[in-house]
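Please take these sequences and the hints and turn them into a complete structure.
Here the protein sequences come in this chain order: P and X. Plus 30 on top of the position in the first sequence (first one is 1) and you've got this note's numbering. Plus 1219 on top of the position in the second sequence (first one is 1) and you've got this note's numbering.
Please keep in mind that the hints were generated in silico from the structure rather than gathered at the bench. It should be emphasised that the depicted structure is a prediction, and the values quoted were computed from it without experimental measurement. Among the hints, erroneous ones may be present.
[Said to hold, decoys possible] With a cut-off of at most 25 angstroms between alpha-carbon atoms, the simulated DSS-like pairs for lysine-lysine come out as follows:
| id | chain 1 | residue 1 | chain 2 | residue 2 |
| --- | --- | --- | --- | --- |
| 1 | X | K1372 | X | K1413 |
| 2 | X | K1443 | X | K1412 |
| 3 | P | K41 | X | K1372 |
| 4 | P | K41 | X | K1347 |
| 5 | P | K175 | X | K1309 |
| 6 | X | K1248 | X | K1300 |
| 7 | X | K1443 | X | K1423 |
| 8 | X | K1462 | X | K1294 |
| 9 | P | K41 | P | K149 |
| 10 | P | K175 | X | K1443 |
| 11 | X | K1451 | X | K1423 |
| 12 | P | K228 | P | K343 |
| 13 | X | K1285 | X | K1300 |
| 14 | P | K175 | X | K1285 |
| 15 | X | K1294 | X | K1423 |
| 16 | X | K1285 | X | K1423 |
| 17 | X | K1309 | X | K1412 |
| 18 | P | K175 | X | K1372 |
Here are the chains, one letter per residue:
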Amino acid sequence: MQSESFTLRSKDLIGVLILAALLFVILPAILDPFRLNMVGKYLTYAFVAVGLVLCWGNAGILSLGQGVFFGLGGYCMAMYLKLESSSIEATKIQSTPGIPDFMDWNQITELPFFWVPFKSLGFSLAAVVLVPAILALIIAFALFKRRVGGVYFAIITQAMAAIVTILIVGQQGYTGGINGITDLRTLHGWDIRTDGAKTILYFVNGGLLIGCILLCQFIRRSKLGRILVAMRDKEDRVRFSGYDVASYKIFVFCFAAALAGIGGAMFTLQVGFMSPSFVGIVPSIEMVIYAAVGGRLSLLGAVYGTLLVNWAKTSFSESFPELWLFGLGGLFIAVVLLFPNGLAGLYRSYVEPRIDALFTRKRSPGADAAPGAAPTLAE
Amino acid sequence: MNATPITDQMAPDFLLAVEGLTVSFDGFKAVDDLSFYVDENEIRVIIGPNGAGKTTVLDLICGRTKATSGSVKFKSTELTKLKEYEIVRKGVGRKFQNPSIYDDLTVFENLEISFPRGRGVLGALAFKRDAEVRERVQHVAETIFLADQLNRKAEFLSHGQKQWLEIGMLLIQDPELLMLDEPVAGMSVAERKKTAELLNTIIKDRSVIVIEHDMKFVEDIAHKVTVLHQGKILSEGSMAKVKADPKVIEVYLGH
Ligand SMILES: Nc1ncnc2c1ncn2[C@@H]1O[C@H](COP(=O)(O)OP(=O)(O)O)[C@@H](O)[C@H]1O
Ligand SMILES: [Mg+2]
Chain P
31 MQSESFTLRS
41 KDLIGVLILA
51 ALLFVILPAI
61 LDPFRLNMVG
71 KYLTYAFVAV
81 GLVLCWGNAG
91 ILSLGQGVFF
101 GLGGYCMAMY
111 LKLESSSIEA
121 TKIQSTPGIP
131 DFMDWNQITE
141 LPFFWVPFKS
151 LGFSLAAVVL
161 VPAILALIIA
171 FALFKRRVGG
181 VYFAIITQAM
191 AAIVTILIVG
201 QQGYTGGING
211 ITDLRTLHGW
221 DIRTDGAKTI
231 LYFVNGGLLI
241 GCILLCQFIR
251 RSKLGRILVA
261 MRDKEDRVRF
271 SGYDVASYKI
281 FVFCFAAALA
291 GIGGAMFTLQ
301 VGFMSPSFVG
311 IVPSIEMVIY
321 AAVGGRLSLL
331 GAVYGTLLVN
341 WAKTSFSESF
351 PELWLFGLGG
361 LFIAVVLLFP
371 NGLAGLYRSY
381 VEPRIDALFT
391 RKRSPGADAA
401 PGAAPTLAE
Chain X
1220 MNATPITDQM
1230 APDFLLAVEG
1240 LTVSFDGFKA
1250 VDDLSFYVDE
1260 NEIRVIIGPN
1270 GAGKTTVLDL
1280 ICGRTKATSG
1290 SVKFKSTELT
1300 KLKEYEIVRK
1310 GVGRKFQNPS
1320 IYDDLTVFEN
1330 LEISFPRGRG
1340 VLGALAFKRD
1350 AEVRERVQHV
1360 AETIFLADQL
1370 NRKAEFLSHG
1380 QKQWLEIGML
1390 LIQDPELLML
1400 DEPVAGMSVA
1410 ERKKTAELLN
1420 TIIKDRSVIV
1430 IEHDMKFVED
1440 IAHKVTVLHQ
1450 GKILSEGSMA
1460 KVKADPKVIE
1470 VYLGH
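Right, dumping it as structure tokens:
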């Protein structure tokens, strides 16, 4: 038992190290700043996909509204940045200087109350995580306490994505409407538009992503992680073993929402704007596809799935933009039908056994007789 | 008959007191004004034809189905108003009719999840697989004949082993009242014998309600038998008495 969990842990760690090498050494070495920034943008979606691995893969809760949480995180960041670039001097040509330009265009003459706290960087950073988590909490509480689950839950999250999009688009004066919040310039005085800043943000983003993956790995190795799996398999058994199942679902849904929020904020910082086009149903479903392609049970797979699908999307839509949605749909169907465990599943069934064989052959024959032979319960 | 004690002398003496319990599904009364009492350290077997309402009675006791009316008192706590997990934490454990285990986890992990500690979200996050947990898991695994299967994924167990595993998951909770829904259904003769043995070792210091069809098995274990028919008690008492009851012979045993 001890040795098994040890190898699991070291396998997890090796995977993270390889990803870190790719993100921090290989990609920066081979890509120009423009392409690196693009990968950085893709990686912000990986936060969502990683959260979906826990929420959907492990706990069996499919959310088709993760774009909302991504968007909320992104908007919280964008509000701070927008206020910073809307100083009185910078906006003195407006009829009301000191408020964001789109408000002025919409005849708003005073900063709305819910924008005011976003003048503070600390508040905004906290909001990036808390606003998505609190919305998730409200939804999860209302639904999971009433035992709404499965397809119904998925549909309701999708409805939420539609509603939030309509709300953002409709309330132009408060949200920037369909164009979103644009023309973001500095973060606490630091110009985020330069190549240098973008490279730094890429590394920050990578670091945060690795941190989130390690946190997810910790959760999955804990008893909490096993309870999520148990709940997916036999919800009633968990309930009748003395657990309040709803609270576990609420936790994992909020956690995934918070991760998505971090991704959204990093998107805003690296891309320089946030708009409703990252909030609605289509982006939300795309994010599920990233996790599905990578393998919905694999945290690292989700990252590679995100990179791969986005790379395909970029190359594909450069040449045949109108075909991309069909390509994406086809990819999803293919994955679901042919490779239900995605890239990670392929890796596990074809690559990993060979690597394992390679290692066991090198080890002394005495060493590998131990695992599995007897239940080694004693430490 | 002596099947219904007088109401005002009940509560503290019985571990479980079910009174006037009724549930109707769209007007159909699956359990109809049912009353029965289970003593401490008693093995009660509930028998009855298919559809008699046996499983529904267990569902009502453990909170899976909400009663239309009536009361279920466990050590003088009213259970009908509690949530399922609260009922479990009071000391009521329940095994389902079909083996209900976590296929994707190992036998060890299945048992460990049922260990009554760290049941809140944060508690589960901080839960440590310490010596106490290992010992309890090992001990229970030996009791349920699965000590050599601890590292196996539960999906690879045989049907009988899965039934034992679920019983083990209840044992590790150490409930005062254990409810088993057809624990030997689908088992081979040898497995049945082992299960009877198992039940006889685990009933120490607890009460057990067992639903069972296998009459041989019932005779082996029952202290008292309750015969259910169309949601009502048809007869109750020792196996010998129930077997001799003409009503029982008519609807159940004599076909
Ligand atoms: N949730 C439910 N909704 C509607 N009818 C139910 C429900 N649960 C049980 N029943 C009905 O109640 C009756 C008793 O079922 P059950 O308790 O499973 O019988 P037994 O376990 O004695 O075979 C059956 O007719 C069954 O169809
Ligand atoms: Mg039944």
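(request) Could you check the structure against the hints above and give me the numbers of any it violates, in ascending order? (result) Hints 8, 9, 10, 11, 16, 17 and 18 not satisfied by this model.
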